[in-house]
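Trainee: Sequence:
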Amino acid sequence: MHPTDKLPLENGAAIYLTPCPGTKGLALRETIKQFAEQGIKGLVSLTPKPEMAKLGVADMPQICSELGIAWFYAPIDDHQAPSNEFDIEWPSQKDQVHAILDKQQGVALHCMGGQGRTGTIAAQLLIERGRDYEQARAEVKAVKPGALTIEKQTDYLKALAAK
Numbered sequence: 001m002h003p004t005d006k007l008p009l010e011n012g013a014a015i016y017l018t019p020c021p022g023t024k025g026l027a028l029r030e031t032i033k034q035f036a037e038q039g040i041k042g043l044v045s046l047t048p049k050p051e052m053a054k055l056g057v058a059d060m061p062q063i064c065s066e067l068g069i070a071w072f073y074a075p076i077d078d079h080q081a082p083s084n085e086f087d088i089e090w091p092s093q094k095d096q097v098h099a100i101l102d103k104q105q106g107v108a109l110h111c112m113g114g115q116g117r118t119g120t121i122a123a124q125l126l127i128e129r130g131r132d133y134e135q136a137r138a139e140v141k142a143v144k145p146g147a148l149t150i151e152k153q154t155d156y157l158k159a160l161a162a163k
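Mapping to this note's numbering: the sequence shown position 79 is 79, numbers consecutive.
What the hints contain is simulated information worked out from the structure, not anything from laboratory work.
One should not assume that every hint holds.
Below are the EDC-like pairs computed for lysine to aspartate or glutamate, each with C-alpha atoms no more than 16 Å apart in a straight line [said to hold, decoys possible]: (1) Lys41 - Asp102; (2) Lys158 - Glu134; (3) Lys33 - Glu66; (4) Lys94 - Glu128; (5) Lys158 - Glu128; (6) Lys49 - Asp78; (7) Lys54 - Asp77; (8) Lys49 - Asp77; (9) Lys152 - Asp78; (10) Lys103 - Glu10; (11) Lys41 - Asp87; (12) Lys49 - Glu89; (13) Lys158 - Glu139; (14) Lys6 - Glu139; (15) Lys41 - Glu51; (16) Lys163 - Glu139; (17) Lys152 - Asp77; (18) Lys49 - Asp59; (19) Lys49 - Glu85; (20) Lys144 - Glu134; (21) Lys41 - Glu66; (22) Lys33 - Glu85; (23) Lys6 - Glu37; (24) Lys158 - Asp132; (25) Lys163 - Asp132.
With beta-carbon atoms standing in for the labels, derived distance ranges [said to hold, decoys possible]: (26) Ile88 - Ala53: 18 to 26 Å; (27) Ala58 - Asn84: 31 to 39 Å; (28) Gln38 - Asn84: 26 to 34 Å.
Using N, Cα and C, we set each Cβ at its ideal position, and we do this for glycine too.
Let's have the full structure, built from the sequences with the hints guiding it.
Mentor: This is how it looks when you write it as C-alpha cells:
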C-alpha cells in the first residue's frame, strides 16, 4: 500500500499528503487505483516534469485520466518555495482543486518525499480556505510532523497568509 497522510477538512473532504506515486514499492497504476479507492478525485503533482521523468512516472496524467482522477500540475523545485512556474500554473487550477474539496471529496498532493513541497501546498490550500498561517501550519504538522521545516517555504506561507 502506498503511504498517504489524511488531513480531514471540516466539510468531510480531505487533503492527502503523499510521496510520489509509483515510487514506494507499488506500481504507478496500482497506486492511482488505490487513490481512487480512497475517494481521491484530484491529484496535484508538485514535481517538475524532468523530475517526474527521472522517477519513471511521466505517464501519471494519462493514468489519472484513465482511472477518473483529475490531474493537476503545479511544479516547485525541491527544497524551494513556489515561484515562477508554480505561479503560472496554479491560478488556472486552484478553483478546480477547491471545487473537489467543496464536494466533500479528496485531493492528494505529492512531491518526491511527500513532506516539503507537499506540506507547503497543503498549508496553502488551508490558507486559501480561510485559515491563518498558524492554524494551517498546526493542521499540516498534526498529520505530517516533518513538514514545514524549510524557511523559504514557511516565509512564503506567512506572506501568503498576510495578503
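Trainee: Give a verdict on every hint.
Mentor: The hints, checked one at a time:
Under the criterion of a C-alpha separation no larger than 16 Å, the hint pairing Lys41 with Asp102 is consistent with the structure, at around 12 Å. About 9 Å separates the Cα atoms of Lys158 and Glu134, which keeps this hinted pair within 16 Å; it holds. For the hint pairing Lys33 with Glu66, the CA-to-CA distance comes to about 10 Å; that is within 16 Å, so the pair holds. As the CA atoms of Lys94 and Glu128 are separated by approximately 9 Å, the hinted pair is consistent with the 16 Å bound.
Taking the CA atoms of Lys158 and Glu128, the gap is near 12 Å; set against the 16 Å cutoff, the hint holds. The suggested pairing of Lys49 with Asp78 holds, with an alpha-carbon distance near 12 Å, which does not exceed 16 Å. Note on Lys54 and Asp77: the hinted pairing holds, with a Cα-Cα distance of about 14 Å set against a maximum of 16 Å. Using a Cα cut-off of 16 Å, the hinted pair Lys49 and Asp77 holds, with the two alpha carbons roughly 10 Å apart.
Proposed proximity of Lys152 and Asp78 is supported: the alpha carbons are some 11 Å apart, at most 16 Å. With a C-alpha separation of about 12 Å, the suggested pairing of Lys103 with Glu10 holds against the 16 Å cut-off. With a CA separation close to 23 Å, the supplied pair Lys41 and Asp87 exceeds the 16 Å bound. Simply put, Lys49 and Glu89 have alpha-carbon atoms about 13 Å apart, close enough for the 16 Å limit, and the pair holds.
Pair hint Lys158 plus Glu139 holds up; C-alpha atoms about 15 Å apart against a cutoff of 16 Å. About 11 Å separates the Cα atoms of Lys6 and Glu139, which keeps this hinted pair within 16 Å; it holds. Straight-line distance between C-alpha atoms of Lys41 and Glu51 comes to about 23 Å, which puts the hinted pair past the 16 Å bound. Between Lys163 and Glu139 the CA atoms are separated by roughly 20 Å; this puts the pair beyond 16 Å, and the hint is violated.
Distance check on the hinted pair: Lys152 and Asp77 sit about 12 Å apart at the alpha-carbon level, within 16 Å; holds. Annotation: proposed proximity of Lys49 to Asp59 holds, straight-line Cα distance about 10 Å (limit 16 Å). Annotation: proposed proximity of Lys49 to Glu85 holds, straight-line Cα distance about 11 Å (limit 16 Å). In summary, the hint linking Lys144 to Glu134 is supported, as the alpha carbons are separated by about 15 Å, within the 16 Å threshold.
With a C-alpha separation of about 12 Å, the suggested pair Lys41 and Glu66 falls inside the 16 Å cut-off, and the hint holds. Note on Lys33 and Glu85: the hinted pairing is violated, with a Cα-Cα distance of about 29 Å set against a maximum of 16 Å. Taking the CA atoms of Lys6 and Glu37, the gap is near 14 Å; set against the 16 Å cutoff, the hint holds. Restraint check for Lys158 and Asp132: the C-alpha separation of about 9 Å stays at or below 16 Å, so the hint holds.
A distance of roughly 10 Å separates the Cα atoms of Lys163 and Asp132; the hinted pair therefore holds under the 16 Å criterion. Between Ile88 and Ala53 the beta carbon distance is about 20 Å. The supplied range of 18 to 26 Å therefore holds. Between Ala58 and Asn84 the beta carbon distance is about 22 Å. The supplied range of 31 to 39 Å is therefore violated. Against the hinted window of 26 to 34 Å, the Cβ-Cβ separation of Gln38 and Asn84 comes to about 32 Å, which satisfies the hint.
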